[in-house]
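Engineer: Using the hints provided, position chain B relative to the given structure of chain A.
In order, the protein sequence lines correspond to chains A and B. Offset between the first sequence (1-based) and our numbering: plus 73. Offset between the second sequence (1-based) and our numbering: plus 935.
To be clear, the hints were calculated from the coordinates, so they are not data collected in a lab. Just to be clear, a hint being listed does not mean it is correct.
Residues of chain A placed beyond 10 Å of chain B at every Cβ, according to the derived structure [claimed, not checked]:
id: 1; residue: Ile92
id: 2; residue: Ala137
id: 3; residue: Leu157
id: 4; residue: His223
id: 5; residue: His290
Quick partial rundown of chain A residues pointing at chain B, CB under 8 Å, derived from the structure [said to hold, decoys possible]:
id: 6; residue: Thr202
id: 7; residue: Asn242
id: 8; residue: Ser258
id: 9; residue: Val287
id: 10; residue: Val328
id: 11; residue: Val330
id: 12; residue: Arg336
id: 13; residue: Pro341
id: 14; residue: Glu373
Coverage of chain A stretches by chain B, computed from C-beta distances (three or more under 8 Å per stretch; other residues unrestricted) [what the hints assert, rightly or not]:
id: 15; segment: 279-286
id: 16; segment: 316-325
id: 17; segment: 349-359
For each residue, glycine too, the CB sits at the ideal point set by N, CA and C.
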Amino acid sequence: MPETQPIIAVEGVKRHYKIGWKKHVRAVDGVSLEVHPGETLALVGESGCGKSTLARLIMRLEPATAGRILLEGQDITALRGAALQSSRRQMQMVFQDPYASVNPRLTAEDIVREPLDNFRIGSPEARRTMVRALLGRVGLSAQHATRYPHELSGGQRQRLGIARALALNPKLIVADEPVSALDLSIQAQVINLLRDLQAELGLSMLFVSHDIGVVAHVSHRVAVMYLGRIVETGTTADVVSRALHPYTRALIDAVPVEHPSQRRVRRPLEGDLPSPLNPPSGCRFNTRCPHAEARCRIEEPVLRGVGGEGHQVACHLLAEDGSLPAQKTAA
Amino acid sequence: MSALLHVENLSVTFGSADRRTHAVSDVSFTLEAGRTLCLVGESGSGKSVTSMAVMGLLPARGATVEARRLAFAGEDLRTATPARLAQLRGKEISMIFQDPMSSLNPALTIGYQIAEAVRLHEPVSRAEARRRALDMLDRMRIPDARRRLDQYPHQMSGGMRQRVMIAMALACNPKLLIADEPTTALDVTVQAQILSLMDELKRDMGMAILLITHDLGVVAEMADEVAVMYAGRIVERGPVTAVFDRPSHGYTHGLLGAKPRRSSSERLLELPGGVPRLDRHVETCAFAPRCRFAETACSQEPVAPIAFDAGHMGLCRRHAAVRAAVAMQVDHHA
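Here chain A stands alone, though its shape is the one from the complex (with noise of 0.2 Å):
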């Protein structure tokens, strides 16, 4: 890992919804993590493992119930008011869903000159030019500037929602599956954009995904999750091509193939996700895991390094190497 101080890093965070007399959803339950300066982390995980939550957590959309949130260095966990509004001004979100994520009376021109507006940047002579150019940027024309979200594609809204947040020149990007929504023609247009911007303007971002092939294109790093904890994190060629975890080997195993050439049977992973509410103790995967002992039911493994770049990897039965033991036979 370089030695320069992180943009954003995450300590030890949870997040507990409280629903009911001493039930806690515990959507996020000790998290830590780091985002480098022009570095794609990508977290990726399944419905309901946490990784919308965080992302929400690390741009205060929601409080921590414990643990820190540092940016470059300063804790934000607490902050109020106008320190909060400044801390806002350095990290902005993408959304999913671009239609939902703008307001529909305004216009596209209007939309990205918002940002600017709420932080008074520049005359607003100065700002008109500066939204020409963010639309520019992201592959808007003049011509769509004057046109309302209604009137623009599924790809150009999401273009927008991007230029939306490269207005203010955030520190942090957090994106939350902003590709997710479109066709595929559309979603290699945006993909490569993003590309393209971390290229030119060396980005950071925390990119939150649920799709591997999308995350290998566009992510230096990823941090895999599972009800509510990391459970590996690595270079991303490390985690997509040599995963470890046997929960990332059957999430990535699970991807259909490529070419129907590589057709093979395969063991699906049994059952459905356990309930944040009550997560298994132990490893939390332990109930789907085909390697598990009992030592995985009763104490839970904390991430450790295996081979090299970061590559970490939280279970017992990992060996130095990376097997793990034979699976058990048992349907």
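Structural biologist: Relative to chain A, chain B alone:
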């Protein structure tokens, strides 16, 4: 061998003469027992409308369905009475949709709903129908099936509900299953469970599957044959390996290149622009404005079906150029 489902020159339009949407134009395909045909395309390509037309589910007011042939097991579906269609649907032809929650009745137990499907089509007692429902849930590998029978849809996860939908669709041993994006709303690990289950049932029961999807991965996983749809037309159709190895239409080539693969981090192929409006009937190639291979003739002269090789055909006058580009990419990667 005569096909189970035979669709020839199917066209569907919506609206009246002055504002007409050409949702499906000149679609032809056949599907044999025990085979899976994937209709793949992006939103608005007409893949769902095609399946709705086959099922006779489009509203008589508003939708105009025309076909030279629309036959199921030799029976003409165009002239079938509504009563006959109701008999076929759910018995011989079943359908599952993307969102199981909106296809299940929230006020009835799932056991009742599966048994209802059986009792509607077969003269069996309530007890027998319930036994069949239990048997189906077992086959769907739903744990603790006896208890699940008396549960309501909201008590189940998304994957479990989709299994209940499949159980209901298959309860009468249909010859054809139409599955419209059956795993799109599900997580990948659950998708893998459902897809392998569908494949297994296809083998056991010898039924045919018409699988509608936008996901090329699902196609690679499931299809025997694939038909690629764009702007209401099948632009390329053939055995799945042929289409993946030798895509011969500019759009298929573009789609395959736009798909993010975990095995690569190279820049994705971009298809510029978006899908065209369908308010006019066009005889020329609708994809030409976005196609990197297009020449002037593509947007001026009508396209006619061209046979590429055995069972592999499509609508692309530039198919030789597309194939040459594919061959170059293969060399480049080798």
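Engineer: Confirm or reject each hint.
Structural biologist: For each hint, the structure was consulted:
1. Ile92: 16 Å, holds
2. Ala137: Given a closest Cβ separation of 26 Å, the condition holds.
3. Leu157: Per Cβ check, Leu157/A is outside 10 Å of chain B; nearest 34 Å; holds.
4. His223: 15 Å, holds
5. His290: The claim is violated: His290/A sits with its nearest Cβ about 5 Å from chain B, within 10 Å.
6. Thr202: Since the shortest Cβ distance to chain B is 27 Å, the answer is violated.
7. Asn242: 25 Å, violated
8. Ser258: 4 Å, holds
9. Val287: This interface hint holds because 5 Å falls under the 8 Å limit.
10. Val328: 6 Å, holds
11. Val330: Cβ of Val330/A sits 5 Å from chain B, so the hint holds.
12. Arg336: 6 Å, holds
13. Pro341: 4 Å, holds
14. Glu373: 22 Å, violated
15. 279-286: holds (count 4)
16. 316-325: holds (count 3)
17. 349-359: Per the Cβ count (0), the hint is violated.
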